[in-house]
Amino acid sequence: MSTAQMYTAEHIAFTGTGTAFDPDTGEALIYAPADTHRVVSIARSDAHQAREEYKGRQRDFTFFAMEAAHEVISVLTTAQCGYLLVLQCYVDYTDGRLLKGRKQPMSTADMLSALKLTRKRQTFYDFLAQCVEHAIILRNEDESYSVNPRYHFRGATQNRAVIRSYTAKVREIYREVNAADLGLIYRMLAFVHYGTNALCANPFEKDAREIRWFNGKELADAIGVHEKTLSGRLSRLKFGDEYVIARLKIGKDVTKYVFNPNVFYRKDTEPDDTLIAMFNVNYNAKR
Numbered sequence: 358m359s360t361a362q363m364y365t366a367e368h369i370a371f372t373g374t375g376t377a378f379d380p381d382t383g384e385a386l387i388y389a390p391a392d393t394h395r396v397v398s399i400a401r402s403d404a405h406q407a408r409e410e411y412k413g414r415q416r417d418f419t420f421f422a423m424e425a426a427h428e429v430i431s432v433l434t435t436a437q438c439g440y441l442l443v444l445q446c447y448v449d450y451t452d453g454r455l456l457k458g459r460k461q462p463m464s465t466a467d468m469l470s471a472l473k474l475t476r477k478r479q480t481f482y483d484f485l486a487q488c489v490e491h492a493i494i495l496r497n498e499d500e501s502y503s504v505n506p507r508y509h510f511r512g513a514t515q516n517r518a519v520i521r522s523y524t525a526k527v528r529e530i531y532r533e534v535n536a537a538d539l540g541l542i543y544r545m546l547a548f549v550h551y552g553t554n555a556l557c558a559n560p561f562e563k564d565a566r567e568i569r570w571f572n573g574k575e576l577a578d579a580i581g582v583h584e585k586t587l588s589g590r591l592s593r594l595k596f597g598d599e600y601v602i603a604r605l606k607i608g609k610d611v612t613k614y615v616f617n618p619n620v621f622y623r624k625d626t627e628p629d630d631t632l633i634a635m636f637n638v639n640y641n642a643k644r
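Residue numbers (my numbering): 358 to 644.
Hints are computed from structural coordinates only; laboratory data are not their basis.
Among these hints, one or two may not hold up.
As a list, the in silico DSSO-like pairs of lysine-lysine whose alpha-carbon atoms are at most 27 Å apart [claimed, not checked]:
#: 1; residue 1: Lys473; residue 2: Lys595
#: 2; residue 1: Lys595; residue 2: Lys606
#: 3; residue 1: Lys585; residue 2: Lys624
#: 4; residue 1: Lys585; residue 2: Lys609
#: 5; residue 1: Lys609; residue 2: Lys574
#: 6; residue 1: Lys585; residue 2: Lys606
#: 7; residue 1: Lys609; residue 2: Lys624
#: 8; residue 1: Lys563; residue 2: Lys613
#: 9; residue 1: Lys563; residue 2: Lys574
#: 10; residue 1: Lys613; residue 2: Lys574
#: 11; residue 1: Lys606; residue 2: Lys624
#: 12; residue 1: Lys460; residue 2: Lys473
#: 13; residue 1: Lys595; residue 2: Lys609
#: 14; residue 1: Lys595; residue 2: Lys574
Label pairs and their computed distance ranges (CB to CB) [what the hints assert, rightly or not]:
#: 15; residue 1: Val611; residue 2: Glu533; range: 40 to 46 Å
#: 16; residue 1: Arg459; residue 2: Glu567; range: 40 to 46 Å
#: 17; residue 1: Glu498; residue 2: Asp630; range: 36 to 42 Å
#: 18; residue 1: Ala466; residue 2: Glu428; range: 27 to 33 Å
#: 19; residue 1: Glu498; residue 2: Thr631; range: 46 to 52 Å
#: 20; residue 1: Lys563; residue 2: Thr465; range: 39 to 45 Å
Remember, it's a predicted structure, so these values are computed and weren't measured experimentally.
Just so it is clear, CB atoms sit at the ideal spot from N, CA and C, and this is done for glycine as well.
Could you put the whole structure together from the sequences, leaning on the hints where they help?
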């Protein structure tokens with residue numbers, strides 16, 4: 358291969374770049390100034406491209422801030438946590454306002470409708486008052502409402518202690534379960550592991566071998582319910598044919614729990630094949 362054939366647009370755009378050839382093997386060696394270029398392996402470049410392509414394909418989502426979740430859980434009932442999980446689906450990208458359309462703020466009547474509480478108005482106003490009192494939901498000067506970005510927000514972030522909550526899926530779940538069931542899910546989100554979507558005692562552990570998975574009792578204790586209550590409700594937490602949480606049985610005595618990445622997911626890369634396949638329980642029916 359001649360030097361002319363290796364002369365690329367990169368060489369034209371940046372002074373000092375070019376291609377040399379190993380005198381022994383003839384292998385092409387690209388060179389460039391260190392102040393304008395960086396050596397990146399093909400594997401790393403491909404991984405970055407895959408991550409960017411995945412971001413482009415992602416559905417609409419909001420972020421759940423894990424480290425501040427206890428502030429919400431400590432002042433809201435389980436059902437009220439469920440209502441908040443639904444309302445955060447309507448958060449605007451720019452300022453956190455609750456919108457029913459692209460730019461139209463949600464009124465209390467809109468919120469009542471979204472939460473299916475038109476016949477339980479006092480339940481709604483009790484929830485709203487509690488959220489406003491603790492600055493979880495903010496009442497703006499123009500009488501619109503915003504969700505405090507300390508707890509839920511949209512947009513770019515460098516914070517890895519967050520979970521993507523896919524809005525269409527949350528709304529779909531709410532068509533099939535009640536607010537208290539959604540509230541249980543809300544209480545679990547603070548315990549989702551970054552790399553595996555596992556429910557565990559150390560969700561920020563980097564070494565997968567060191568994950569302290571919750572068993573049924575530990576998970577129930579962590580979210581403040583009885584183990585039998587949790588066990589009975591897990592099978593109800595589904596939308597269509599998909600389950601929100603997988604319960605993995607290993608041997609006779611070991612049980613582990615994993616969140617469905619199609620609903621809640623921490624990483625900014627595509628879920629691995631094992632995690633996707635784990636929730637594909639009705640593949641025969643789809644053939």
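Is it true that the CA of lysine 460 sits at most 27 Å from the CA of lysine 473? 22 Å, holds
Measuring from beta carbon to beta carbon, are arginine 459 and glutamate 567 in 40 to 46 Å? 45 Å, holds
Decide if the proposed pair is consistent with the structure: lysine 585 and lysine 609, CA atoms, cutoff 27 Å inclusive. With a Cα-Cα distance of about 18 Å, the restraint between lysine 585 and lysine 609 holds, given a limit of 27 Å.
With a cut-off of 27 Å on the C-alpha distance, tell me whether lysine 585 and lysine 624 pass. 31 Å, violated
Taking 27 Å as the top limit, are the C-alpha atoms of lysine 595 and lysine 609 close enough? 25 Å, holds
Are glutamate 498 and threonine 631 spaced within 46 to 52 Å by their CB atoms? Hint holds: Cβ distance 50 Å, inside 46 to 52 Å.
Do the Cβ positions of glutamate 498 and aspartate 630 conform to the proposed distance bound of 36 to 42 Å? About 50 Å separates the Cβ atoms of glutamate 498 and aspartate 630, which means 36 to 42 Å is violated.
Has the given pair, lysine 609 with lysine 574, been kept, meaning a C-alpha gap of at most 27 Å? Roughly 16 Å separates the two Cα atoms, so the pair holds.
Given the hinted pair lysine 609 and lysine 624, is their alpha-carbon gap at most 27 Å? 31 Å, violated
Given the hint that lysine 595 pairs with lysine 606, test it: the Cα-Cα distance must not exceed 27 Å. Holds. Lysine 595 to lysine 606 sits at ~19 Å (cutoff 27 Å).
Do the beta carbons of valine 611 and glutamate 533 sit within 40 to 46 Å of each other? At 29 Å between Cβs, range violated.
Confirm or reject the claim that lysine 563 and threonine 465 have a C-beta distance inside 39 to 45 Å. Because 44 Å falls inside the window, the suggested range holds.
Violation of the numbered hints given earlier is confined to hints 3, 7, 15, 17; the remaining hints are satisfied by the structure.
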